[in-house]
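Based on the provided sequences and hints, a complete structural model is requested.
Protein chains: 2
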Amino acid sequence: MESSQSSSSRNESQKQTLSGEQERLIDAWWRAANYLSVGQIYLLDNPLLQEALRSEHVKPRLLGHWGTTPGLNFIYVHLNRIIKAHDLNMLFIAGPGHGAPGVIANTWLEGTYSEIYPEVSQDKEGLRRLFRQFSFPRGIPSHASPDTPGSIHEGGELGYSLAHAYGAAFDNPNLIVTCVVGDGEAETGPLATSWHGNKFLNPKTDGAVLPILHLNGFKIANPTVLARISANELASLLRGYGHHPIFVEGEDPRDMHQKMATALDNAIAEIHSIQKLSRDGGSNERPSWPMIVLRSPKGWTGPKIVDGHKSEGSWRSHQVPFSDMSRPEHLRILEEWMRSYRPSELFDVSGCLKAEIAALAPAGDRRMSANPHANGGALMRPLRLPEFSIYAVAVPEPGKVIAEATQVMGTFLRDVMRENERTRNFRVFGPDETASNRLQAIFQATDRTWNAAMTSEDDHLSPNGRVMEILSEHACQGWLEGYLLTGRHGLFSCYEAFIHIVDSMFNQHAKWLKTSREVPWRRPIASLNYLLTSHVWRQDHNGFSHQDPGFVDHVANKKADIVRIYFPPDANTLLCVTDHCLRSWDRINVIVAGKQPAPQWLDMNAAIQHCNQGSGIWAWASTDRGRDPDVIMACAGDVPTLETLAAVDLLRRHIPDLSIRVVNVVDLMTLVPKAQHSHGLTDEDFDALFSTDKPVIFAYHGYPSLIHRLVYKRRNHENMHVHGFMEEGSTTTPFDMVVRNRLDRFHLAADVIDRVPKLGDRVAYAKLAMNNKLSEHKRYIALHGIDMPEVRDWRWPPASQKHG
Amino acid sequence: MESSQSSSSRNESQKQTLSGEQERLIDAWWRAANYLSVGQIYLLDNPLLQEALRSEHVKPRLLGHWGTTPGLNFIYVHLNRIIKAHDLNMLFIAGPGHGAPGVIANTWLEGTYSEIYPEVSQDKEGLRRLFRQFSFPRGIPSHASPDTPGSIHEGGELGYSLAHAYGAAFDNPNLIVTCVVGDGEAETGPLATSWHGNKFLNPKTDGAVLPILHLNGFKIANPTVLARISANELASLLRGYGHHPIFVEGEDPRDMHQKMATALDNAIAEIHSIQKLSRDGGSNERPSWPMIVLRSPKGWTGPKIVDGHKSEGSWRSHQVPFSDMSRPEHLRILEEWMRSYRPSELFDVSGCLKAEIAALAPAGDRRMSANPHANGGALMRPLRLPEFSIYAVAVPEPGKVIAEATQVMGTFLRDVMRENERTRNFRVFGPDETASNRLQAIFQATDRTWNAAMTSEDDHLSPNGRVMEILSEHACQGWLEGYLLTGRHGLFSCYEAFIHIVDSMFNQHAKWLKTSREVPWRRPIASLNYLLTSHVWRQDHNGFSHQDPGFVDHVANKKADIVRIYFPPDANTLLCVTDHCLRSWDRINVIVAGKQPAPQWLDMNAAIQHCNQGSGIWAWASTDRGRDPDVIMACAGDVPTLETLAAVDLLRRHIPDLSIRVVNVVDLMTLVPKAQHSHGLTDEDFDALFSTDKPVIFAYHGYPSLIHRLVYKRRNHENMHVHGFMEEGSTTTPFDMVVRNRLDRFHLAADVIDRVPKLGDRVAYAKLAMNNKLSEHKRYIALHGIDMPEVRDWRWPPASQKHG
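Each protein sequence line maps, in turn, to chains L and Y. Numbering of the first sequence is given in UniProt numbering, commencing with residue 1 and proceeding in unit increments. Numbering of the second sequence is given in UniProt numbering, commencing with residue 1 and proceeding in unit increments.
The set of hints was computed from the structure by calculation and includes no laboratory data. Just so you know, not all the hints are guaranteed correct.
One copy or two, either will do: identical chains are not told apart, so a pair holds if it fits within one copy or between any two.
[As the list claims (entries may be wrong)] Result set (DSS-like, lysine-lysine): computed pairs, CA atoms no more than 30 Å apart in a straight line:
1) K713 <-> K559
2) K767 <-> K694
3) K304 <-> K124
4) K559 <-> K767
Below you can see the structure in the form of structure tokens.
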């Protein structure tokens, strides 16, 4: 348990990077950080061990993770040395987020913690509070979280640290993002592909990422894969990922201090040399970036043996190495362990860190715990947005003009890209689908980011590109999160079905945002914006495996003030919604919109008004002329809107005197009661749209249950009959997809007919007509493989309107 | 477009692996497969080009993927040669699932397709149907799917091919699973970590996986990362993954045939040598398994130039290289392209494949399209299951005994492991959490699978282990799917929050199961069983980032006949549910159960009866004595059940004459109407439990909206008041977690008091008591950091019951 005494294996003749005095002080900081870490995990009181340790000084429930912590502390103090030596601007990302006791200890030693939380002062009482609050009810979590100064990375689910690091480094040429990757986390898929981030990093205009792979050898109960493959295999793997690995391996602290200092000197020198070469115009080749592999014992400096079992260097030190303080033996081990750090050499009697040690910390914003990039909202500048209405599709009357909504959105995004080219704070992310999603106008303004080899046939690739495409939704999401959390803006476009790949990352980000709002010093960051397209109704190539509209259900489970869901029915509403989302902050906005040619309904003025309301009556499509309608036909989503209007057309022709009100919903959250969501309609406004007693045939883009769930508290909810995706998918025609799920015009019209009793004897005839049409459709596609012209070429307004 | 004529670069003096005749026939098969692939993408009729091609012979909508297909066809024919040469038992997994035209073409050439689908016969009419059905409405999808013979891998979302391959190889010592990994797919996280599967493969008792990384260079619109890093980096990466890469690179067909044949000879020789060494007891070292890197042009043998742009060897050939058949130039290119394969040399005039070419196919089950492992249900043997009741916790009366439910389940699983040790068809999967989830009894019967380096401190690691632990939920899920799809059994235990990581994989498997049911020749496979534990209510270490009960919401969106969701409230019900799930087939079962010490409610007889009903009245906990109750207190989940009973206790003491009925729900699907789910209660049975008019205070484990959604059509749904997770999480005590989400006994009791008007003037007093208790709780945990003894040590039955 001695942390810096044994150095038998040390070669004294070797030239040392650190002077004896430097080494002594660095070791002292490390001991201080380790001491504070153990204190946080174990102690309620007696923080300086000024009395003999008694069981009442120990927390009644011991919760925390020691195993990874001393390694993080070791890295942290060495980074501080190199920051000071080169006046570096460095951000720290701790992949092993459960090492929070270490991260927090260092922020306290640097003074940042007490500056932000004055009650956790730099004295004995502050220490007591620091220890007590950790993993304590109504205290702070046992992993890095939004209330940890200097952190942009929640220590929750593992796998995203390195993607966050790249996201933070993009467009921050003077920043070095040091990212500690735990060897447990390294086994996850998202982390395993994140190493390729270096093919998307421009040494000229982006910052550097310095990965430190921390091999402490064990997960909860297992060894880790990367710690148990041969040294050759590991080096080969990391070189294959495009890195130059520098190994720091051992356990003797003095020896390790020297090795780590040398390694960091070399790594920083390589980074500077790469950047200089590239920025002086010397090379366009992708460099081999340095990285460090730190192999150190799990629970390093912790008790060697507990209860007869090996603890340091074993999976047994993953969490709390021992508990049950009713056993005097345990109390003794704890006290010896903590005293092995020699606290009286580190803190004065009042609990203040000794000046010579405190002097190791960088000054002001150079402290990693105070790096402004970790509070990105404080750096964020609003985007310069062109006036979106100039991209409007001219819609002289509803339904006559055909346009591709996302293509129009692309022209707006192109100019957003141009307007913010100088500040370099906007990027678009997607898994190789930007053009497939018809946003190709963006490529008039910028390229796809690419820093690997290129050929003459490549399309819009460049190291300077601002469109980030890799076939990994995880990487796209992780990069975007890192980019946003450091104060920039972005949009993620994705096939609707496959956005489920990042369900869990969405969760973590939503939780980060919710918690951040309760942390007063965190400034709001730009919203995370999703465009979900190539959606369930138009997967003509791809079939059932590409058909899932359930991401919005997942989103709707999160806190109402964090999430927004939009279904713009055409191009102009999509423009309006996009502009709104790009201006918002601290939210997750989901926009679902199609990319296929489709009728346009609203001119720009009408679109703005409709989007501002969030949902509203489309009088031009209704036949109720302001009277009480017989039925309300509601719709949300582009395809359901089209089918609803086609159904209105059918009904108009078959039952001319039926009074129909059409309601379109753009902002799904308007359906939720006002008390639960700020976008929710008041009950009066809701009833004015949906009535209190009329049947509502609601054509919805996704799973019907979401609508039922949102309107559950509304007066007329018993009368809501929702058509949506019934999990009936296949490779088929667009119209056949809606037929299979009973979302098509014929099924909608038939449902209306069923629900309006006063229709009397015309019911039978009209229903028969609908059924005939459905049979005709089936025969037609079986024969021709395409939709019958009647549905494919259908246009609003119906002829009958003229004299309707 | 010539496929086998140019061979300028060929070194004739070099020793050739293939004789000239072999090469000629292999090339002929390849041309036939390519011809059939193009035919499927393009043609409606004129399948043998016996007339000049006219536009009416071409499909009106062209949907499919050409780019990857010729490479797959090339691989397939070469695999056939090596299968025949060594009588190999080989399963084929096509990661690039959109290469289905190729996969299907080969299954037709092998005869399997026509055996299974006689209408798609091996003649001209069969060819016409083969072409027409592809990506045609009511035909077959454009990617490999359950109706593709020989396939266990849906060509939908990318990333899971290699994990599926390992899953298939486990415990199949004589099987070689050849897995083509596309260079697009290789960028995904799940695939990037799947390479490490070789650290979990035992050369003695498992089969071999032969990965073929197919570098065709492009995704939809971008180059691929692995195709654009240096040859050195790529080789280094693959060696780092533990493989010996064999490179096959070029585009001249004759040259490539020789190279591929040599590469496969070498790869199979290495596999056999590794297996022999290991099986003869010669080596326990992890071998470096061979793999092949095939670098060939995208859209190989397709048109070189279309509309003035490069097509073969470019991203432009990713899907359909050209369409718009109204342009005569396009029709000409298509005809030339197809004729370049010289169909008249391949098929006789009746459309039958020429005998000398057909003879290349392996016989019977050796055909990859007929490999029995690809129809795993046909091989599946039911598990031998010990009588689960012998593991029962003795529960002489409800609430007195404390046990850890998952620990008890572990003893059952231990013996399931033992009973099936001989047949080696059961494994347990989890991300390093088997012991953390308290299933450690399993380690009495087996170890953790591990084939990397070991040390003396390692806990239950062995190459023979049957517990698969890697810190990748993706790998666990992928392995398990591959294992199930090849006819075996398994269980995946996972922290509840992090199972969202595989939301999207769950989707794909659910869709596979749904579609498989419509494919008559596919036999049912064992169900995919999840145990979700370390659940939202007991994340005492981990806090908000580990708190999410939404996976079941995601599951509930899928087709009712595929999914089951269970909330056993104690150990005996968990045993009963586990036994049921392990006996079921073609389903996805989700079991949510806690691992913490908790009161036991039902003895085994009662547990069996309760689980058989799925939900039922707990008369022993109710105070209504069979009369009409004032209120119904329903619960689903272990923690909600505990809080409900504690609330009953409180109400009993404060309002002794209140008549309460307690209903516990184990099988969530009983709430759904019978018409929608086979487990659903009839309306009569539902009303008998929940009444038609009484208030129901429903304490539910997850998000309340799911309950509302399931009971939406029930008569009494307006009276359901659901308490559940309100997305209020933190690192805190167990009881504080339920308080924050109003799921605790005091909030439940208060809600009952609010809903039962007849209580009159006792309301105020009882409500005050509940509020006082909540305040007391808050003060207590702030001071002590643990829950107050009154809630921590609370036990049923309440004293008042004795004279109640």
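Open item on the list: Of the numbered hints stated earlier in the document, which are not met by this structure?
Closed with: Nothing - there is no hint that the structure violates, so all of them hold.
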